[in-house]
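K.L.:
Chains A and B are the protein sequences, given in the same order.
Per numbering that gives the first Met the number 0, the first sequence starts with residue 0, numbered consecutively.
Per numbering that gives the first Met the number 0, the second sequence starts with residue 0, numbered consecutively.
A hint or two may mislead.
Covered by chain A, according to a simulated footprint, are these stretches of chain B (three or more residues, beta-carbon under 8 Å) [unchecked claim]: (1) 17–24; (2) 99–108; (3) 121–130; (4) 152–161; (5) 168–174; (6) 227–238.
By construction, these hints were calculated from the structure, which means they are not laboratory data.
The C-beta atom is built at its ideal place from N, Cα and C for all residues, glycine as well.
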Amino acid sequence: MKKMQYRELYCSSPRYWGGLAFLAFIILVGMGAAFFMEHNGHFVTGMSNQIVWGLPHVFAIFLIVAASGALNVASIGSVFGGPMYKPLGRFSGLLSIGLLAGGLVVLLLDLGRPDRLIVAMTTYNFKSIFAWNIILYTGFFTIVGLYLWAMMDRKFAQFKRPIGFAAFFWRLALTTGTGSIFGFLVAREAYDAAIMAPMFIIMSFSYGLAFFIITLMSAYWWADRTIGELRLAKLKNLLGVFVGAVLYFALVYHLTNLYITQHHGVERFILLDGGIYTSMFWIGQVVIGGVIPLFLLYSPAFGHSRLALAVASLMVLLGGFFQVYVIVIGGQAFPMNLFPGKQVLESSFFDGVVAAYTPSLAEALLGIAGVAVAMTLVAIGARMLRVLPESLEDPEEGECV
Amino acid sequence: MSHNNDQPDLRRRDFIGKTVLAAGAASIAPGVMLTVANAGSDAGVSSKVRWGMLIDANKCADGCSACVAACNQENGIDLIERPAGQSDAMWDAQRPQWIHKVKLKDNLTGEITNLPMMCQHCEHPPCVDVCPTGASFKRADGLVMVDRHTCIGCRYCMMACPYKARSFIHQDVAAQRTGTPRGKGCVESCNLCVQRLDAGDQTTACQDACNREGYQAILFGDLKNPDSEIARALKAHNSRQIRADLELNTGVRYSNI
Chain A
0 MKKMQYRELY
10 CSSPRYWGGL
20 AFLAFIILVG
30 MGAAFFMEHN
40 GHFVTGMSNQ
50 IVWGLPHVFA
60 IFLIVAASGA
70 LNVASIGSVF
80 GGPMYKPLGR
90 FSGLLSIGLL
100 AGGLVVLLLD
110 LGRPDRLIVA
120 MTTYNFKSIF
130 AWNIILYTGF
140 FTIVGLYLWA
150 MMDRKFAQFK
160 RPIGFAAFFW
170 RLALTTGTGS
180 IFGFLVAREA
190 YDAAIMAPMF
200 IIMSFSYGLA
210 FFIITLMSAY
220 WWADRTIGEL
230 RLAKLKNLLG
240 VFVGAVLYFA
250 LVYHLTNLYI
260 TQHHGVERFI
270 LLDGGIYTSM
280 FWIGQVVIGG
290 VIPLFLLYSP
300 AFGHSRLALA
310 VASLMVLLGG
320 FFQVYVIVIG
330 GQAFPMNLFP
340 GKQVLESSFF
350 DGVVAAYTPS
360 LAEALLGIAG
370 VAVAMTLVAI
380 GARMLRVLPE
390 SLEDPEEGEC
400 V
Chain B
0 MSHNNDQPDL
10 RRRDFIGKTV
20 LAAGAASIAP
30 GVMLTVANAG
40 SDAGVSSKVR
50 WGMLIDANKC
60 ADGCSACVAA
70 CNQENGIDLI
80 ERPAGQSDAM
90 WDAQRPQWIH
100 KVKLKDNLTG
110 EITNLPMMCQ
120 HCEHPPCVDV
130 CPTGASFKRA
140 DGLVMVDRHT
150 CIGCRYCMMA
160 CPYKARSFIH
170 QDVAAQRTGT
180 PRGKGCVESC
190 NLCVQRLDAG
200 DQTTACQDAC
210 NREGYQAILF
220 GDLKNPDSEI
230 ARALKAHNSR
240 QIRADLELNT
250 GVRYSNI
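For reference, chain B alone in the conformation it holds in the complex:
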């Protein structure tokens, strides 16, 4: 047989057959190993508890950012070094912020409101819905967290979060705290100081800091325990969820906004 082109006879059909077989196996294999999304371990955590927060915007002081500083320290955020040569604007846009202060003005009345924003720990968190690997999960006790072993850094949760509560780690992390492991390329957000809760404490760093400053704007506790201070306060006073229209049933509530 004569060739009128420069290609060798590679037994093309064999080759293609095997290639397709291998590609098929590669795409089916994951399906065989499917594991149902890990919804968090119940061991040690009970769904009889739901941690939540009530923030009184009237008590939140203009210009105070004690909660932010305390959170940064508790969760090792202050250990993250600013990359050399990064502009102020980019550093602000890229550094993680688990909690941040917002100052609002009512368009009609001109009333000024101060409040801290953080992960609202929804009962039906959109970030958990969209996470492809199940790295975003909700614990039995209501904490919404990220499993940093399975987070692939796709940032879909950040697209989905209606509260802009999540941060992506944009740079190498040198120093970190054992209670708050952190890695470049993963997403993280407020976890209501889970390391404290799991150690038996019942306060968060932001709440402690606010109390130390004497404002007592943040009340933290078990929403499901009718005798807890937060449950009684929620029952006695009017409060609201941010973006209540989404019906996410947030664990963080605000009064006086």
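Okay, chain A solo, but in the shape it has when bound:
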């Protein structure tokens, strides 16, 4: 059996440093946007007392969900013993750390008081799923860091499996926590559903793998290395299954709500007459994020097309972003029904009306900077550490045992 050689990402300097400089520029702009919002207060954003979580939360939740999913490739390799996935484990760990860091930066900088991070880290209310998430996030960094070490250092190879197991369960807990942020909200009709937690887990599988495929393909393109047909086909089929599963969970979620008379209002809003949210659901989440990628992944016409796989992965991410947007913003925009059977004629606090939200440029820049932070960490990590195999050529017949 040929020995798998890992080597740092080594690209001709202008290409690497140019890419890094571009990412740094986006981060710098995002930091400026964050400073602008913190300095003035949130009045310069589109957020209000009606839409309390805006575009930065969409980015943050999207990245955090994708982060835990990106670790799946490593889990399949070392927990479930998939030999084709094993060489990809290191990069999968690095990507998940990068994505989580990017998401958390956005979440932190959107706080009303980001300067009080130390309060959040030292004062806990254990009934709050948010407090648990803070512990889950920090723990994720530690466990995945150790996991990476165990994967990379031969001396610690015996810990690879147990740590891999720990990381796998931790990531399930983490996404359960993220989904439960919404699942545990009794107040709003679009949330308050136990299916939120498993739905977020399956969303993470899908977004995480899409991120993985795109970053892997670009890293290998960047470094002029080759990825074999077989390995990409495996990833591609897996992505197809996940995309289908996300659609299935969305279907169950909406069917359940459609059965409950009390939730007809919010379903009508998301599925029929919610304007931008309805478009985002059908065009963004279902068509761009589901139907087209499934076609690209499974149609024989694109059987060996790497471009189709890359486009499908990008569309999964785009559709996923819309999905999180509809959940986070759409769920808040629909009015809470405080007075069943009554219509609100007048209110100075927007009771009974759909809340308006137009994200500001600063919010978008902060969110995009979060993605750039994730990509920068991955680029630097892959340059400094031996996470990427020299070659991902398909193994010879009978080699994968």
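Fit chain B to the supplied structure of chain A, relying on the hints for placement.
P.N.:
Chain B alone, transformed into the frame defined by chain A:
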């Protein structure tokens, strides 16, 4: 040893080992310093008292907003300046409102109801459950409040409140009242005029204003004292909680809606 790349030999393993150690310490340290959520001090406040309110919607007048104006003045909300260039719609959506008037029409009967909405001071407040730092807390005497020293401005309480009772401070605050400290980036809501209660008064600004207007739609007092006016009124007349289905046992009750 020859290098075929441009990277210096950094004794990588050492470096990574130390980095991981430091990161581990940074993530474990908070756990070491864990403090149980501060559920509010009992000193000076007794759980023998539970402050609450009874609002008679029949007496609440259409078009009157005396309670709102009084609350704004008592709690320094009227001192908050509108940021330059902010549109009317955004100002309405972003300025804090501790109490606001709602006018309702019954879908079937067409009956019109007016009532003020504010923090309902739940016995089991969802905002307190979800607050990561314990800044949202319930005092022994039933007041639901925000500790603005530990509020990090995450706004999860605003997501969780079934009554939309909370406001986020979206801008700089120049002038404020000593009894109601306020800061940009924190969440706040009605605290039943806690500064008055702690000074020995037993009325709220909204109640006083409503009485001054002659409507007497708001009755405030101790729910646990069977001889208090509010306890007697609640016993004698039918009243309800808003969103009673959530079983939060609100301290603010409504009659005639």
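K.L.:
Hints first: check each against the structure and report whether it holds.
P.N.:
The hints, checked one at a time:
1. 17–24: As far as the segment 17–24 of chain B goes, the hint holds, because 3 residues have Cβ atoms under 8 Å from chain A.
2. 99–108: holds (count 9)
3. 121–130: It holds: at least three residues are needed, and the segment 121–130 of chain B offers 5 whose Cβ sits within less than 8 Å of chain A.
4. 152–161: holds (count 9)
5. 168–174: With 4 residues closer than 8 Å to chain A, the segment 168–174 of chain B meets the three-residue bar; holds.
6. 227–238: Violated - the segment 227–238 of chain B has 0 residues with a Cβ nearer than 8 Å to chain A, which falls short of three.
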